[in-house]
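A.B. asks: Residues per chain are reported as follows:
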Amino acid sequence: MNNRQSRTGVHRRDFLKLSVAASGGLLIGFHFPGVSKLASAQQSSANTFMPNAFVRIGTDERITVIVNHSEMGQGVYTSLPMLLAEELDADWTKVGYESAPVDPKYNHPAFGMQMTGGSSSVWSGLEQFRQAGAAARAMLIAAAAQQWNVDASTCRTDSGAVLNGSSRKLTYGHLASAAAKLTPPEHVQLKDPKTFKLIGKPIKRLDTPEKLNGKAEFGIDVKLPGMLTAVIVRPPIFGAKMKSFDDSRTRSIPGVRKVVAVPSGVAVIADTFWQAKTGRDALRVEWDEGSMQSFDTGKMMQDFRERVKSPGTSVRNDGDAAAALANATKKIEAVYEVPYLSHLMMEPLNCTVDLRTDSCEVWTGSQFQTIDRANAAKIAGLPPEKVQLHTTFLGGGFGRRANPQSDFVVEAVHVAKAVGAPVKVIWTREDDMAGGWYRPAFLHAIEGGVDASGNAVGWRSRLVGQSIMAGTPFAAMMMKGKDYDPASVEGVDDLPYAIPNVAVESHQAEINVPVQWWRSVGHSHTAFAVECFIDELAALAGKDPYQFRRALLQKKPRHLGVLNLAAEKARWDRPLPKGVGRGIAVHFAFGSYAASVAEVSVTEGKVRVHRMVCAIDCGQYVNPGIIKAQTEGGAIFGASAALYQELTFESGRLQQTNFHTFPVMRINECPEIETHIVESNEKSGGIGEPGVPCAAPAIANAVFAVTGKRVRRLPIRLTEAV
Amino acid sequence: MISFSVNKQRVNLDVDPSTPLLWVLRENLGLTGTKYGCGMAQCGACTVHLDGEAVRSCVAPVLRATGKAVTTIEGLSPDLSHPLQRAWLEEDVPQCGYCQSGQLMSAAVLLREKTRPTDEDIDQAMTGNICRCGTYPRIRRAIHRAAEMVAKEGAR
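Note that the protein sequences, when read in sequence, are chains V and B. One point on numbering: in the working numbering, the residue at position 9 of the first sequence is 131, and numbering is uninterrupted. One point on numbering: in the working numbering, the residue at position 40 of the second sequence is 183, and numbering is uninterrupted.
Some clues are possibly wrong.
Okay, the calculated beta carbon distance ranges per label pair [unchecked claim]:
id, chain 1, residue 1, chain 2, residue 2, range
1, B, 270, V, 690, 31 to 41 Å
2, V, 317, B, 252, 45 to 55 Å
3, V, 677, B, 252, 49 to 59 Å
4, V, 309, B, 222, 39 to 49 Å
5, B, 263, V, 603, 50 to 60 Å
6, V, 278, B, 270, 48 to 58 Å
7, B, 173, V, 331, 16 to 26 Å
8, B, 270, V, 309, 51 to 61 Å
9, B, 221, V, 543, 28 to 38 Å
10, V, 318, B, 296, 33 to 43 Å
11, V, 543, B, 157, 17 to 27 Å
12, V, 184, B, 224, 44 to 54 Å
13, B, 263, V, 842, 26 to 36 Å
14, B, 221, V, 598, 52 to 62 Å
No lab work stands behind these hints: they were computed from the structure. All figures in this text were calculated on a predicted structure; none of them were measured in a lab. Built from N, CA and C at the ideal position, the CB exists for glycine as well.
My request is simple: use the sequences and hints to build the entire structure.
C.D. replies: Structure representation (structure tokens):
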């Protein structure tokens with residue numbers, strides 16, 4: 123166990139160094155509770171055997187896996203039960219899932235708190251869930267051996283039963299009560315991967331049936347007796363303060379129970395959502411608009427363009443980039459810009475709270491259970507253990523539901539306090555989009571040079587943007603010893619290309635727009651800048667963009683592996699029909715390597731993506747079906763941002779409101795996508811986010827291939843291309 | 144009082160007639176399978192059938208349902224037996240699942256109208272339904288698969 127712990131510990135630190143995600147921010151300590159310790163905290167009952175915190179086996183043969191990560195579409199309610207069921211030798215048809223309550227025993231093994239993010243659930247749960255399954259299996263075997271009066275070592279298990287010899291068989295359900303009386307083992311033997319029956323197979327998701335008949339319960343579906351519904355008028359400008367409100371018309375609307383000021387704005391509380399919303403529409407609020415009333419994203423980007431002309435904080439400095447660039451035979455300089463982005467989960471934010479004098483219950487789709495509980499407890503005036511948070515299904519997360527301030531939870535507790543009844547706060551789509559915590563806007567200025575033979579000799583990246591970590595409770599921890607935010611530069615600070623002179627510099631912009639981790643965090647913009655610029659360097663050197671990358675990645679076998687696989691499957695060398703161009707990109711993020719080839723055409727200034735070929739190397743994998751879904755979904759998520767999405771502010775006010783002004787790729791725009799998974803024995807990496815970063819640069823590079831114009835700003839607008 | 148049927152059951156409701164059908168289904172009738180996504184007929188998460196036609200219930204006043212038959216995801220089949228539900232299971236379509244009720248209800252009208260929908264038919268019928276997780280490739284495959292099932296089973 124100790125060996126294993128330190129081995130995975132190293133991996134975790136690598137992961138943190140390379141990608142500071144939602145999760146990365148929250149490293150409180152490596153915490154890996156032993157299985158036996160967990161077991162002592164659990165109670166088995168007459169009808170169930172609960173050998174540890176992660177599994178319950180019923181006398182009815184049902185096996186319930188308690189999952190400590192939130193299901194937001196990424197498949198943890200299937201992949202984590204697979205790990206446990208594999209070691210348990212369970213009958214998969216009897217396996218179900220349950221969302222874990224908030225409890226330290228369900229803390230993320232690497233991050234020391236209960237949370238979901240950073241593409242970390244499966245790699246961090248590998249040991250935890252396999253150990254839990256193996257421990258339960260050992261106890262069931264011991265119970266059977268006792269009953270048969272044989273040595274446990276002569277017993278074997280298969281598909282939910284213990285077997286001995288050719289005739290003796292007892293099912294887990296039969297053994298549950300006897301096993302519950304035994305002491306959990308100190309050590310368990312994990313299976314030889316060669317004998318896996320579930321791990322590595324495209325097992326169908328366990329949560330599909332309830333997502334096809336309306337039964338799956340999302341936060342917005344929670345209903346409590348006597349529950350009221352609230353909508354909130356929030357400030358129209360970040361930092362604006364409510365001066366006064368006139369609720370005379372609101373109060374006359376049937377169903378409206380209360381209109382009350384809360385720290386985040388004014389809450390209209392009614393029997394139903396529509397009454398509350400109608401009441402809100404009738405409310406008049408006066409605001410003190412504050413210092414952001416003149417905020418304008420156009421001006422902000424102009425400031426960024428000025429700022430990037432001066433040197434920033436050094437992040438990486440190999441060789442002498444300035445001298446190499448000065449002596450280069452040919453040089454090129456490019457500025458890449460990306461906007462603020464909304465997470466835009468299909469299910470808008472919402473939170474239900476039942477606050478009593480000595481307890482508080484919260485129902486929501488959270489990615490940040492420990493933090494949310496602690497923040498809710500502060501507002502409720504209760505110790506955290508008197509607060510329970512029930513994690514529902516999440517209608518998408520993408521990082522938004524991992525808010526360091528628990529904004530949507532804290533607000534709902536304030537409303538519950540004010541109204542004195544169970545209450546659900548629902549954000550409209552417009553509220554959700556205007557509510558902040560965006561992917562920050564970034565600017566990358568890159569200079570590169572090649573020598574007379576076309577070899578890349580120097581690279582300098584300088585970037586400007588807001589820090590995600592600064593100002594959060596995690597800043598001190600994550601930015602320790604660094605005067606830049608690692609989440610801003612991840613994906614460029616580890617530039618994999620063999621270029622002898624590399625400098626990376628960072629400027630931190632101070633702007634009062636709340637920003638947060640957005641699926642793939644820093645990689646969402648660094649991959650765009652880096653992978654477009656390497657294409658520009660290839661052109662400068664007169665070389666094919668795929669071959670140019672290959673030459674510079676000779677010492678990076680896993681980058682090379684996915685790059686070659688994507689190029690081969692896309693048949694890089696095959697000529698395309700006239701009017702279609704091909705672009706390529708490769709990127710490492712969250713412990714996994716990804717590459718994409720995009721094929722696009724451009725008609726009347728509109729980009730159409732016809733095909734995307736993705737290659738992914740996430741090390742040892744658990745469920746290839748889920749990996750394909752995440753990779754495809756990530757490509758579509760990245761393509762949506764590349765083609766359509768941008769948040770802009772004028773006079774402090776957000777200009778986008780809903781899907782018509784902040785579009786998402788639709789089925790008629792969706793390319794054909796193929797995903798190819800690298801077979802690997804390397805340590806498991808993440809899968810929720812690594813599919814996103816390559817989409818934008820692959821598409822942008824394909825646009826160059828077909829139009830000869832470089833895309834240097836997202837979303838892609840060909841009128842701006844150079 | 145507004146009267147209509149929901150999933151073949153008659154309902155009489157005393158609600159503000161301008162309330163969107165979506166919120167009446169969700170809050171007054173407890174049918175939360177139909178989802179709120181945008182409130183302006185942009186995303187399709189709220190799609191239900193009104194006398195067999197796909198409508199965006201977030202912008203349809205409940206008054207519009209008067210005397211009509213509403214079918215929601217809960218009424219698509221009692222037991223996941225609708226060909227689309229079976230095809231969705233076989234293709235393992237959903238990820239977060241939030242948009243899938245609307246996707247299925249839109250696809251159900253398509254499949255009734257076109258027994259062998261082409262990719263263009265699918266584009267046309269399904270473009271109003273956004274999926275943020277990006278399940279589109281599997282949705283497309285599942286619709287084709289459901290059409291094949293119906294063809295085979297119909298011939299039997």
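A.B. asks: Now tell me if each hint is right for this structure.
C.D. replies: Taking the hints in turn, this is what the structure says about them:
no.	hint	in the structure
1	B:270 <-> V:690: 31 to 41 Å	holds, 33 Å
2	V:317 <-> B:252: 45 to 55 Å	holds, 48 Å
3	V:677 <-> B:252: 49 to 59 Å	holds, 56 Å
4	V:309 <-> B:222: 39 to 49 Å	holds, 46 Å
5	B:263 <-> V:603: 50 to 60 Å	holds, 58 Å
6	V:278 <-> B:270: 48 to 58 Å	holds, 54 Å
7	B:173 <-> V:331: 16 to 26 Å	holds, 20 Å
8	B:270 <-> V:309: 51 to 61 Å	holds, 57 Å
9	B:221 <-> V:543: 28 to 38 Å	holds, 35 Å
10	V:318 <-> B:296: 33 to 43 Å	holds, 36 Å
11	V:543 <-> B:157: 17 to 27 Å	holds, 22 Å
12	V:184 <-> B:224: 44 to 54 Å	violated, 24 Å
13	B:263 <-> V:842: 26 to 36 Å	holds, 32 Å
14	B:221 <-> V:598: 52 to 62 Å	holds, 56 Å
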